[in-house]
Amino acid sequence: MRPLKTLAIAVAVATAATVTQAQIKIGFVAELSGPQAPLGQDQYDALMLLVEQNGGKLGGQAVQIIKEDSQLKPDVANQVVDKLLEKDKVQIITGVTFSNIMMAVHKKITDKGVFLIGSNAGPSPIAGAQCSPYFFSTSWQNDMQAEVVGKYASDKGYKSVMAMAPNYQAGKDFVAGFKRTYKGGTVVDEIYTPLNQQDFSAELAQVASKKPDALYVFYPGGLGVNFVKQFQQAGLNKSMTVMSASTVDGTTLPALRDAALGMLSGTFWGPDFPNEANQKFVAAFEKKYNRIPSQYAAQSYDAAQLLDSAIRKVSGKVDNKKAFHAALKAADFKSVRGNFKFGANQFPVQDMFMFDVAKDSKGRVSLRTVSKPLVGHTDSYVGQCQMKTL
Amino acid sequence: MTTQLALSQILNGLQLGVLLFLLAAGLTLVFGIMSFVNLAHGSLFMLGAYFGAAAFAKTDSFLVGVFAAVVGAGAVGLLLDRFALTKLYERDHLDQVLATFGLILFFNELIRIIWGPGSIFMQVPDALSQTVNMFGISYPSYRIAIIGVGLLVALGLYLLIQKTRVGMLIRAGATHPAMVASLGVNIKWLNTLVFALGAALAGLAGVMAGPIISVQPGMGEPVLILTLVVIIIGGLGSIRGAFYAALIVGVVDTLGRAFMPTIMRGIFERNTADAAGPALASMLIYLLMAAVLALKPQGLFPTSAGAVR
Numbered sequence: 000m001r002p003l004k005t006l007a008i009a010v011a012v013a014t015a016a017t018v019t020q021a022q023i024k025i026g027f028v029a030e031l032s033g034p035q036a037p038l039g040q041d042q043y044d045a046l047m048l049l050v051e052q053n054g055g056k057l058g059g060q061a062v063q064i065i066k067e068d069s070q071l072k073p074d075v076a077n078q079v080v081d082k083l084l085e086k087d088k089v090q091i092i093t094g095v096t097f098s099n100i101m102m103a104v105h106k107k108i109t110d111k112g113v114f115l116i117g118s119n120a121g122p123s124p125i126a127g128a129q130c131s132p133y134f135f136s137t138s139w140q141n142d143m144q145a146e147v148v149g150k151y152a153s154d155k156g157y158k159s160v161m162a163m164a165p166n167y168q169a170g171k172d173f174v175a176g177f178k179r180t181y182k183g184g185t186v187v188d189e190i191y192t193p194l195n196q197q198d199f200s201a202e203l204a205q206v207a208s209k210k211p212d213a214l215y216v217f218y219p220g221g222l223g224v225n226f227v228k229q230f231q232q233a234g235l236n237k238s239m240t241v242m243s244a245s246t247v248d249g250t251t252l253p254a255l256r257d258a259a260l261g262m263l264s265g266t267f268w269g270p271d272f273p274n275e276a277n278q279k280f281v282a283a284f285e286k287k288y289n290r291i292p293s294q295y296a297a298q299s300y301d302a303a304q305l306l307d308s309a310i311r312k313v314s315g316k317v318d319n320k321k322a323f324h325a326a327l328k329a330a331d332f333k334s335v336r337g338n339f340k341f342g343a344n345q346f347p348v349q350d351m352f353m354f355d356v357a358k359d360s361k362g363r364v365s366l367r368t369v370s371k372p373l374v375g376h377t378d379s380y381v382g383q384c385q386m387k388t389l
Numbered sequence: 000m001t002t003q004l005a006l007s008q009i010l011n012g013l014q015l016g017v018l019l020f021l022l023a024a025g026l027t028l029v030f031g032i033m034s035f036v037n038l039a040h041g042s043l044f045m046l047g048a049y050f051g052a053a054a055f056a057k058t059d060s061f062l063v064g065v066f067a068a069v070v071g072a073g074a075v076g077l078l079l080d081r082f083a084l085t086k087l088y089e090r091d092h093l094d095q096v097l098a099t100f101g102l103i104l105f106f107n108e109l110i111r112i113i114w115g116p117g118s119i120f121m122q123v124p125d126a127l128s129q130t131v132n133m134f135g136i137s138y139p140s141y142r143i144a145i146i147g148v149g150l151l152v153a154l155g156l157y158l159l160i161q162k163t164r165v166g167m168l169i170r171a172g173a174t175h176p177a178m179v180a181s182l183g184v185n186i187k188w189l190n191t192l193v194f195a196l197g198a199a200l201a202g203l204a205g206v207m208a209g210p211i212i213s214v215q216p217g218m219g220e221p222v223l224i225l226t227l228v229v230i231i232i233g234g235l236g237s238i239r240g241a242f243y244a245a246l247i248v249g250v251v252d253t254l255g256r257a258f259m260p261t262i263m264r265g266i267f268e269r270n271t272a273d274a275a276g277p278a279l280a281s282m283l284i285y286l287l288m289a290a291v292l293a294l295k296p297q298g299l300f301p302t303s304a305g306a307v308r
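Protein chains in written order, with numbering that gives the first Met the number 0: chain V, 0 to 389; chain D, 0 to 308.
Don't read these hints as lab results, they were simulated from the structure.
Backbone N, C-alpha and C fix where the C-beta goes; we use that ideal spot for every residue, glycine too.
A portion of the hints provided could be inaccurate.
Stated by the list, open to error - DSS-like, lysine-lysine: derived pairs with alpha carbons at most 25 Å apart:
{"#": "1", "chain 1": "V", "residue 1": "Lys279", "chain 2": "V", "residue 2": "Lys237"}
{"#": "2", "chain 1": "V", "residue 1": "Lys361", "chain 2": "D", "residue 2": "Lys162"}
{"#": "3", "chain 1": "V", "residue 1": "Lys72", "chain 2": "V", "residue 2": "Lys111"}
{"#": "4", "chain 1": "D", "residue 1": "Lys57", "chain 2": "V", "residue 2": "Lys358"}
{"#": "5", "chain 1": "V", "residue 1": "Lys56", "chain 2": "V", "residue 2": "Lys312"}
{"#": "6", "chain 1": "V", "residue 1": "Lys72", "chain 2": "V", "residue 2": "Lys237"}
Unchecked claim - Pulled a few chain D residues facing chain V out of the computed Cβ check, cut under 7 Å:
{"#": "7", "residue": "Gln8"}
{"#": "8", "residue": "Ser34"}
{"#": "9", "residue": "Phe82"}
{"#": "10", "residue": "Thr85"}
{"#": "11", "residue": "Gly117"}
{"#": "12", "residue": "Asn132"}
{"#": "13", "residue": "Pro139"}
{"#": "14", "residue": "Ile143"}
{"#": "15", "residue": "Thr174"}
{"#": "16", "residue": "His175"}
{"#": "17", "residue": "Pro221"}
{"#": "18", "residue": "Val250"}
Claimed, not checked - Estimated spans, in silico, between C-beta atoms of each pair:
{"#": "19", "chain 1": "D", "residue 1": "Leu292", "chain 2": "V", "residue 2": "Arg179", "range": "14 to 22 Å"}
{"#": "20", "chain 1": "V", "residue 1": "Asp212", "chain 2": "D", "residue 2": "Ala5", "range": "54 to 62 Å"}
{"#": "21", "chain 1": "V", "residue 1": "Tyr288", "chain 2": "D", "residue 2": "Val165", "range": "33 to 41 Å"}
{"#": "22", "chain 1": "V", "residue 1": "Asp212", "chain 2": "D", "residue 2": "Thr1", "range": "14 to 22 Å"}
{"#": "23", "chain 1": "V", "residue 1": "Glu85", "chain 2": "D", "residue 2": "Asp125", "range": "52 to 60 Å"}
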């Protein structure tokens with residue numbers, strides 16, 4: 000009897016061990032505190048939405064999501080990533096909200112042979128020279144959101160455009176991206192405001208006096224709220240077209256409401272997309288969280304869907320890196336944006352759209368699709384990427 | 000550079016100036032009278048904006064919002080003074096800086112817990128949502144209202160400090176606290192009153208700024224730095240100094256931002272100018288502060304031995 004009992008215990012222990020082993024550990028890193036937190040929160044909520052819809056599984060395998068806040072501090076991001084890699088031994092990391100955080104952790108994660116599925120930041124170096132087979136993006140390369148606006152301005156035949164952005168790297172990049180695709184007119188003036196400046200009255204007076212055909216702005220987060228409110232209060236919304244990138248989005252519209260009506264914005268996805276995958280996603284997100292999902296949620300939901308499809312393809316054997324890489328690269332899922340595939344640098348090749356701020360069918364202020372200036376758009380840095388094979 | 004443009008930029012500068020004055024008045028009073036450095040003044044500005052936005056959203060009345068902001072921030076100031084800060088008055092300035100910096104973190108986190116991390120909605124009241132045309136320019140009427148409110152408060156403070164018995168006690172308490180106390184005035188309550196008054200003014204500034212800037216955690220910090228510049232230029236403890244310095248800082252900052260890039264383009268080539276212009280414009284008020292400190296270390300309107308003016 001005794002040996003049998005020992006054997007039974009051994010079997011039970013072994014089974015328990017395989018169960019824990021079968022559970023795939025996924026690290027989630029994002030900005031979850033401070034003024035940037037709404038972005039990271041949407042990324043997290045959308046990821047968990049799919050995980051919960053699948054009963055705690057992705058690709059048919061139980062997953063454990065380990066959430067970490069990078070606090071928009073590169074040193075903190077480094078610490079939490081070290082913890083995920085060394086202590087938790089995660090096989091996959093997803094999320095990452097800001098470009099400077101991405102630059103701080105990208106090399107560390109990919110060097111370790113851990114897959115990083117970026118669901119927001121897409122700084123140019125990792126799309127170009129520093130591209131890695133272990134990195135996939137389900138969002139965009141930063142410049143894409145500016146390039147679509149430049150193309151839209153060309154299509155509209157605007158002869159003179161003024162540009163406004165905060166005076167830091169991303170601000171300069173977004174203006175450069177706009178100029179890359181804006182043809183047939185000139186950027187008559189570029190105004191760069193200090194990153195901590197809250198009031199744009201002086202700059203708006205300059206804009207009003209120069210009367211350009213359109214104004215191009217990049218003011219992410221709270222800065223965008225300031226800009227849009229003040230633009231509207233100055234009465235400029237009646238006489239001037241504003242084309243924006245990363246300025247009005249699902250996270251700032253609740254604070255702006257009617258003040259943002261009519262603003263144009265360029266990005267890759269909107270909540271009104273008619274495709275079935277999107278309709279399902281938006282309805283489920285609204286039901287669970289009682290708000291309209293932002294693009295950050297959509298990006299992260301696609302990251303979750305990508306993982307779901309790839310884990311299923313390899314039957315949970317994510318340690319077979321070659322096979323898992325091929326499964327990720329295949330991108331065999333129905334993206335909420337419609338067309339989706341990975342380019343050579345493993346950033347999306349996708350259609351880019353223009354939206355305007357309008358009331359949706361329920362009377363809420365939201366983004367409405369206006370046009371599709373760029374079809375099957377590839378980012379501008381893919382040529383600099385020499386992708387290693389796994 | 001038309002005269003209309005210059006005029007609207009001067010109005011922008013005045014509007015920023017009076018907003019800074021609302022903040023600086025309270026801060027300089029507290030510093031002048033109690034010799035207390037209160038970095039959490041920006042948090043009271045933030046609380047004012049949140050109280051105002053919440054009350055405005057509930058009642059649809061901007062005036063109720065203003066009332067809630069002023070009373071709410073004043074009450075928080077009163078409680079802060081009585082329960083948290085009294086013990087710090089005797090300590091040196093470094094302790095005060097550290098403790099009030101801790102309060103900034105506390106209030107930012109508190110706001111995040113209650114209202115969430117994103118910015119919340121606050122609009123301009125309907126009656127002031129239009130622009131007015133004057134002297135050939137169209138200017139947002141809400142910003143004109145801010146200028147009006149700021150000037151009214153300045154006048155009110157002047158009358159309060161110079162013409163009333165309370166003002167006289169405040170002035171006396173600043174220079175001779177022991178003497179005032181021996182005459183039977185509760186100097187502690189006088190200090191609390193001054194602190195609450197400063198807090199209420201910060202709350203007023205917050206609710207007035209709410210429809211213009213994003214109401215979010217941490218919104219008080221950038222404006223606090225400008226306020227500190229104002230009270231240094233104006234002279235610590237001087238309300239009159241705070242008033243003039245706020246207007247000077249507001250106008251210099253605005254005109255610098257508006258015209259410095261253009262001026263730089265006239266001197267340097269485009270690329271250099273585009274890099275140097277905004278940088279120099281944002282440095283301008285600090286250069287001004289440095290110049291004032293070099294020439295008049297006590298500020299433009301120094302108070303003699305802590306007297307309040």
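Contradicted hints - numbers only: Checked against the structure, the hints that fail are numbers 1, 2, 6, 8, 9, 10, 12, 14, 15, 16, 18, 19, 20, 21, while the rest are satisfied.
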